[in-house]
Amino acid sequence: MAVADVVVSFLLLVSIYGILALGLNIKYGHTGLLDFGHVGFYLVGAYTAALFVLGPDTPGDFTVYVIGLGNVPLLGTWPIAILAGTLLAAVIGGLVTLPTIRLREDYLAITVLGISVIFQRVIQSETWLANGPDALRGYSPPLQSYFPVTGQSLVGAVLFGVFVAVVWGLTTAGFGWLCRHRSPPLQTRLYQFAALGQTAAPLRGAVLAALGVGAITTVVIILFGIILPVGLVVSIYTWTVAVTAVRLHYSELSRPALITAILVGSGLLVSLVPLAVIETVSIQIAVTLSALSVLVLSYYIAIQRSAVIAANRLSIIGVGSLWFVSIWYFVLPLVDPLTAGRLTGALQTLFQNLVWMLAFGGDVGVGYVIIGLGELTVQLDYPRIQLAGFILFLTGLFYIVEQTVQTPFGRVLRAIRNDETVVESLGKNPFTYKLQSMMIGSGLAGFAGALWAMYAQGLTFTTFAPRVTFIILLIMFVGGVGNNKGMIFGAALFWAFQQATTQLAGFFPPAIRVNIQAFRLVIVGILFLIVLYYLPEGLLTQEGSTTGEQRTRRTEGAE
Amino acid sequence: MTAETGLLNAMMTGVVTGSIVALGATGLALVYDIAEVPNFAHGDLLTLGAYLALLVNKPNTVPLFDVFASEAQQVTPTGAAILFVLSAGGVLGSVYHLGGVPALKGSWWGISAPVTLALAVHVGIAVLVGVIVVIAVPSFLAAVLFSFVMLGATVPLLESRIFRPFRNKDIELAMMLVVSLAVAFVVRFSIQTLYGGEIRFYAVDTTLPFFGGQLDVTMAKFFDLFLTNGGIFMSIQSTRTGESGAVAVLSYGWIEVALMSVLTTTAVIVAYRYRTTSAAVVGKRLAAISAGLVTLVFSGALLSAGVDTPETSIIATRISISPLRIGIVVLALTMMAALHYILQATTLGKTMRATSDNRELALVRGINTRRVMMSVWIIAGLFAAIGGTMLGFLFNSITINLGFNLLLPMFAGVILGGISVYGAILGSYIVGLAMEVGIYAIPGLSATYRIPVAFVVLLGVLLLKPEGIVGGK
Amino acid sequence: MSDPLLAVEDLRKTFGGIVAVDGATFEIESGTITGLIGPNGAGKTTTFNLISGFYVPDNGRISYRGTDLQYLMAPTDMETTIWGSAAGFSGGVIGAAVGLGAFSFGALPALAITIGGAAVGAGGYIAEERLTQSREQARNARPYQLAREGLVRTFQLTRELGEMTALENLMLAPQGQAGESVINTWFRRDKVSTEEETVRQRGVEMLELLEIEHLRDEPAENLSGGQRKLLELGRVLMLDPELILLDEPVAGVNPTLTQKLMDRIEKLSSEGYTFCIVEHDMNVIMELSETIIVMNEGKRLIQGPPEQIRNNDAVIDAYLGVE
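Read top to bottom, the protein sequences are chains V, Y and Z. Counted from 1, the first sequence has number 436 at position 436 by this note's numbering; the numbering is strictly sequential. Counted from 1, the second sequence has number 52 at position 52 by this note's numbering; the numbering is strictly sequential. Counted from 1, the third sequence has number 104 at position 104 by this note's numbering; the numbering is strictly sequential.
Everything labelled a hint here was simulated from the structure, so no lab data went into it. Some clues are possibly wrong.
[As the list claims (entries may be wrong)] Mimicking SDA-like on lysine to any residue, the simulated pairs with C-alpha atoms at most 20 Å apart in a straight line are:
| id | chain 1 | residue 1 | chain 2 | residue 2 |
| --- | --- | --- | --- | --- |
| 1 | V | K485 | Z | S30 |
| 2 | Y | K465 | Z | W83 |
| 3 | Y | K169 | Z | W83 |
| 4 | Y | K169 | Y | K465 |
| 5 | Y | K169 | V | I530 |
| 6 | Z | K267 | Z | E205 |
| 7 | Y | K169 | Z | E205 |
Only a predicted model underlies this, so the values are computations on that prediction, with no experimental measurement involved.
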């Protein structure tokens, strides 16, 4: 599996957890309601959506569930299912709030935790409801039958055009936002080209550009079927924007800081090498752990010694991580083919990872023969269009949430978080606001649940354990309580960590995999404690510029 | 009419469950109340206690330590030395937490004693414990002792290294909950990192010599109760197949029943009124209950007449219980009695209660709140050790989620009772009873609903009284 | 002489064993500045809490603009609707569960049981509410409903919203802002932003009035004690209230600022606002108040113009005697 596929899968999970975190952020970050049972609403959304799209229960097969609306016209479709899941989660969120609203904050947390456990147990024991302890399967995500897409049919071409439109639109919107805030001259011209010559507000411009590009693509594919060149062009566009974004974000870093960052990233890479090279488990662990300790210690000393490094310590870690990730993405996959002497193979891998928008290999696909790279089969697979959809949802919901909190409503919520008595003394009833906050937050969790149902194509009750709420809490605190962008950032960090440790665990013998997986959660716990103690505001608000942004954003919210 | 298990049996099971929950909830309530930490990691402390005991009970199954095990359940001299050092260190460490080196010299004793005496006593106890543990390997009781002292020394580290720094940052209560959540992660998964995922169990010889015969403590006995026209009959039967017939039959005619009631009531009233004059460790209600129970048991023993099991009866019911489970109830009650004694009769206990009422005021009055907090955590650790090992023993399985599964009922018990030690004890028994009787009473409710039932009860109480039954500050 | 704006009659409040307010009776006339003084423990702040609806009196009657406070703080229709529908929904769900079990008897009985359950749930809740309200012992403590009627108060220990800026603290206050409804923020964005602009203007003006305009973007927790007092005063003024209870408005404030505050209060009083001020600074009270109520041991000791109070022996005894 190409590295690009790993990243696609990673981004899918980040989208789902990002939405979950946004929901909890509304409850706790904005209103101060600590909800330890957030996963309960995730469960409600997932199972509701599944039951809406499942066909009617056929007695005699191994799956038993109470109702399946899949064959009902209009109702049995995914859009309605997602809507139903969200609404039901919101309603139940409201109902749960009513008896718990008068409780002290810690009582509230535990009680709602208990309620989420009740939900989980109900699913587990009531076999007539959703197949009990066994997995609830038998439905398929939307449009799956059309994939993989090769662009040779009309429908395929349209779907490909849609995919390109979404990617182009999101990238251009981000690009436009960057240009508006930083105005780099060279890139602005590129932006104007990408946005098809418009100078309208980033969002509107991006949407129009997306539609335009999508239409063009569809036509081109229908006529010529050239999905690879199109994919190549669009992928390169996204890479350009990404690189620009990173450069602009870290433009204030001085050269010594940059060098330190690269050293840190490389150091991390070097300390992980023993895992791949050495055979004996105990020596592997010993060498890697010592190398990592040396790295952490040296960085700590560097912070103490150099003012420059101390001032930028988080940025340096950021750049170092990006450096590490770039090497992991572009360079490491080449190691195997290169050491085996297969230059073509190496180039192919590099090319595949560059053109992340398309999936390579497989039976179905368009064949190409390229000089220097050999034969390639290319298609657009289902996870990628699913990713486009999920990211679209995430962006849309993020936008809605931001709109909701930068308003008088959001102000009342934050006031409740600060001091409820003040809100009361000013003639506002905190009860209704808390209720609404819980409903919106739970609705978001329900939406995420529906997306999960779509992604996992099967639901088991063990997925919806309290552990999930704790991970969301971690994401929330790491990303920055109250900071919506931080939610997405935190989700990305968490899943990056998960992915990284899963890959690392692969280097160890299966017998101790369980122990290694447990150990990574120990690390998670320790990091959680460190973040809670040193950075209770989260990672994003610590960067110098963002605090200024944070403050301006607060007054912007007042405007 | 044959006797079948019914409501009374469910209630008895509820009392056993309640006792186990109480063992954990007591420590949780202490820490919640006095140290103001809603300790989400408390369940995992029980798990820790259970797993630590394995070092003594089955040292050859513990990764990294198994090099020091010579054969199944035996340790090499090096292993023995390690266990000795750990046990002795556990004792000394626990004392150390009470105030550092001065504590080892006796500063926490409450009476002024010469330094050398205090040192000698502490070191002596430490050595004694170490020796007991090493000699008695692999006895289960030695394992419990080992776990006991180890947790006593290590749990307060959570307070000094983690919770106190956070408390000094003046964070809100909800945040402490989140911090303890992170701690729970670290504790639980550290255990799993070392021990891995398989289910473990203690190797315990469960038979004890009893009145000339062997008694298997884990075997349940049936207590059949019959209510007939003639009176009340109780027959005790063994469950071992092949052994039919009753071990003992006790019967009481109505006259005897009346007599017993009169005697018991008299004892209760006398004890109650006797205690109104003196305020001491054993308060009025406690004295009354104890007197009543003692009278009941004695009169029961004296007044019974051995007859055969009756053929027909109005009501017949059966309680199935094993000596082990009775033992757990007794153990829980004993530990709570000990805690009660500490709280009421010792200086330490009084300072604990003062700190619980009002921390600033206690500080002002010269109470060493830091020491009080540490002692609270030590007690919590000790209770957790007992609770965890007993839990592992009772269910004959030790898993990573052992303690966490109990966490929700523990919190339910603590919150139900209002955050105080006595409230938590009461709440735990209510939770235990609710769990068992609820499952029994509601038809069609499977056993997975035990915890949900506890929470429904909690929710119901909180709806009416948001501060809990006893609580309210 | 018109009816008093606020009338307190035989007010009583006990906490555990301590009687904080013990039969206090007094009136406040509209448009006046009334001082409320007394030694520590006299029950002044408790009285404020009772008047502003944060506590429920054990006994006695408080009327504002002629209406009993308990009626003003009765549960709103919306609240009753929310809780009633929730009770109804839960009743319906339980009924449905029972009904499903009874399904074997037919669909109609099942449906009937479900609807019956819902009706019982909703009806039961509403009936209970009505019964509680009709009884004299209605124990409502809903200060926000009083604030909406124009009865506002500040706090002895300032309660500013620390993480929000000074301007935001003020912008929170105005009532009935369109943007406070989620639906409006989603679907009536133009209306919300126009109103926001208006509110922001008012906020900035208020800051200028109180001469702390330079602190507008400063998180409230960074303000000094005196500035916080000013902010809190500004916040209640944004509500355009009628009766303003000030709890130690100049405690810990430097003399210059105190003078400014006093001038501001006098000016507002002349514009028609009614003030009741608890203060320990005798100079401030004597200068500002038109009438002074002296409380001691939970009761009103005496009431009268400043000159009368200043030299009254009973008052001096009360202050000295407690010490």
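Consistency of the hints with the structure:
| no. | hint | in the structure |
| --- | --- | --- |
| 1 | V:K485 to Z:S30 | violated (51 Å) |
| 2 | Y:K465 to Z:W83 | holds (18 Å) |
| 3 | Y:K169 to Z:W83 | violated (39 Å) |
| 4 | Y:K169 to Y:K465 | violated (31 Å) |
| 5 | Y:K169 to V:I530 | holds (14 Å) |
| 6 | Z:K267 to Z:E205 | holds (16 Å) |
| 7 | Y:K169 to Z:E205 | violated (37 Å) |
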